[in-house]
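Engineer: The opening position of the sequence shown corresponds to residue 1 in the UniProt record's numbering, with each subsequent residue numbered one higher.
Everything labelled a hint here was simulated from the structure, so no lab data went into it. Glycine is no exception: its CB is placed at the ideal position from the N, C-alpha and C atoms. Hints are supplied without guarantee of correctness; some may be wrong.
Restraint ranges, calculated between C-beta atoms of paired labels, are given here [claimed, not checked]: (1) Q264 x T119: 30 to 40 Å; (2) G293 x N2: 40 to 50 Å; (3) E185 x L109: 31 to 41 Å; (4) K154 x T60: 17 to 27 Å; (5) A291 x S124: 16 to 26 Å; (6) G233 x D126: 27 to 37 Å; (7) P174 x D51: 48 to 58 Å; (8) D246 x A33: 52 to 62 Å; (9) I262 x P174: 13 to 23 Å.
Calculated pairs, SDA-like style, for lysine to any residue (alpha carbon to alpha carbon, straight line, at most 20 Å) [stated by the list, open to error]: (10) K154 x S274; (11) K154 x R64; (12) K288 x Q113; (13) K154 x A61; (14) K177 x K232.
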Amino acid sequence: MNIESKWLEDFLALAETRNFSTAAGLRNITQPAFSRRIRMLEQSVGAELIDRTQTPVALTASGRIFRVTARTLVHQMEEGISQISALNYSDGSLVRIASAHSLALDMTLSIQQAFRPKTQPMLSVDAMNVDEAVDALQQGECDLLLAFENEHLKLPPFDYIKVGHADLLPVTAPNEKGLPKFSLESEEATPWLAYNPASYMGRQTDSLRSELNLKTVFLSSMVDMLKLQAVKGQGVAWLPDFSIRDEIRDGRLIVIGDKKHIRQVSYYAYRYQSRLHPSGERVWSALKKIATGNSLN
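Please put together the full structure from these sequences, using the hints given.
Structural biologist: Below is the structure:
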């Protein structure tokens with residue numbers, strides 16, 4: 001197999017821009033020459049990487065997998081050159097992580113704490129809606145994904161680690177007497193600070209609609225947004241236990257209901273099975289160690 005490094009950089013530029021003309025401009029070559037180089041790369045790989053029938057162009061299934069491989073190869077070449085030149089002050093590889101909003105902060109801190117300060121890899125963490133984060137991994141736009149359970153991502157060509165699980169606890173702010181402001185047993189409909197129905201958390205809590213007398217008063221896919229509304233006394237929200245420890249401890253939120261009202265979710269780290277650059281593999285190893293604790297720190 002004969003693959004030139006410039007072809008990899010061409011491919012990564014096209015994967016980013018989804019436009020041959022724009023990518024060719026970024027690579028400072030003519031579009032015909034750029035297109036020929038992409039064709040030569042596909043011939044060397046033995047698979048079509050670009051779906052040219054779509055506008056803008058899209059990556060094929062092979063292209064999405066190869067995007068991770070190409071980025072890793074480019075990182076390794078850059079790292080090797082940097083080491084030879086004695087210029088690298090770290091391992092030189094940026095680890096791109098897409099994460100569900102509710103997991104981003106705690107998981108990032110857990111990863112960083114798994115390394116000594118001088119050996120911490122450089123992380124680029126994008127917090128987003130769960131479904132958007134899943135799409136980022138599938139499109140090869142990140143090295144690792146931190147998200148909740150997804151059966152599709154447990155199948156090849158993906159690999160996964162179960163990092164832990166969380167309870168979604170029904171909580172409310174206290175009233176002026178320090179008692180729960182809202183109840184799940186009230187005859188009147190309880191104001192519900194709900195997740196967007198199309199989101200992962202929305203799907204996990206959808207059954208509450210038929211089990212309890214709830215009236216949706218606010219919708220969001222972001223845990224922090226619902227937590228803020230709950231603390232302000234706007235209604236009842238089902239929030240991950242790891243995200244509300246401080247609020248429960250200092251009395252700003254109170255857990256209500258009983259065990260049957262709790263919903264459980266599991267959270268995972270996902271990746272493509274193809275080997276990552278050295279820093280990516282180090283973070284993956286750290287996540288395996290974190291998983292043994294089965295909880296967020």
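Engineer: None of the hints should be skipped; say for each whether it holds.
Structural biologist: Here is what the structure says about each hint:
Here the CB-CB span from Q264 to T119 is close to 35 Å, well matched to the stated 30 to 40 Å. Between G293 and N2 the Cβ separation comes to about 46 Å, which falls inside the hinted range of 40 to 50 Å. Distance hint check for E185 and L109: the Cβ-Cβ separation is about 37 Å, which falls inside the suggested range of 31 to 41 Å. The hinted window of 17 to 27 Å between K154 and T60 holds, with their beta carbons roughly 22 Å apart.
Distance hint for A291 and S124: a CB-CB separation of about 22 Å, consistent with the stated range 16 to 26 Å. A hinted range of 27 to 37 Å for the beta carbons of G233 and D126 is consistent with their spacing of about 32 Å. For the pair P174 and D51, the beta carbons lie near 55 Å from each other, so the given range of 48 to 58 Å is met. Range check, D246 to A33: Cβ separation about 57 Å, and the 52 to 62 Å hint holds.
About 20 Å separates the C-beta atoms of I262 and P174, a value consistent with the hinted range of 13 to 23 Å. Taking the CA atoms of K154 and S274, the gap is about 14 Å. The hint holds against a cut of 20 Å. Of the pairs offered as hints, the one joining K154 and R64 holds, with about 17 Å between alpha carbons and a cut-off of 20 Å not exceeded. For the given pair, K288 sits about 14 Å from Q113 by alpha-carbon distance, which is consistent with the 20 Å threshold.
The hinted pair formed by K154 and A61 meets the criterion: a straight-line CA distance of about 16 Å does not exceed 20 Å. A distance of roughly 15 Å separates the Cα atoms of K177 and K232; the hinted pair therefore holds under the 20 Å criterion.
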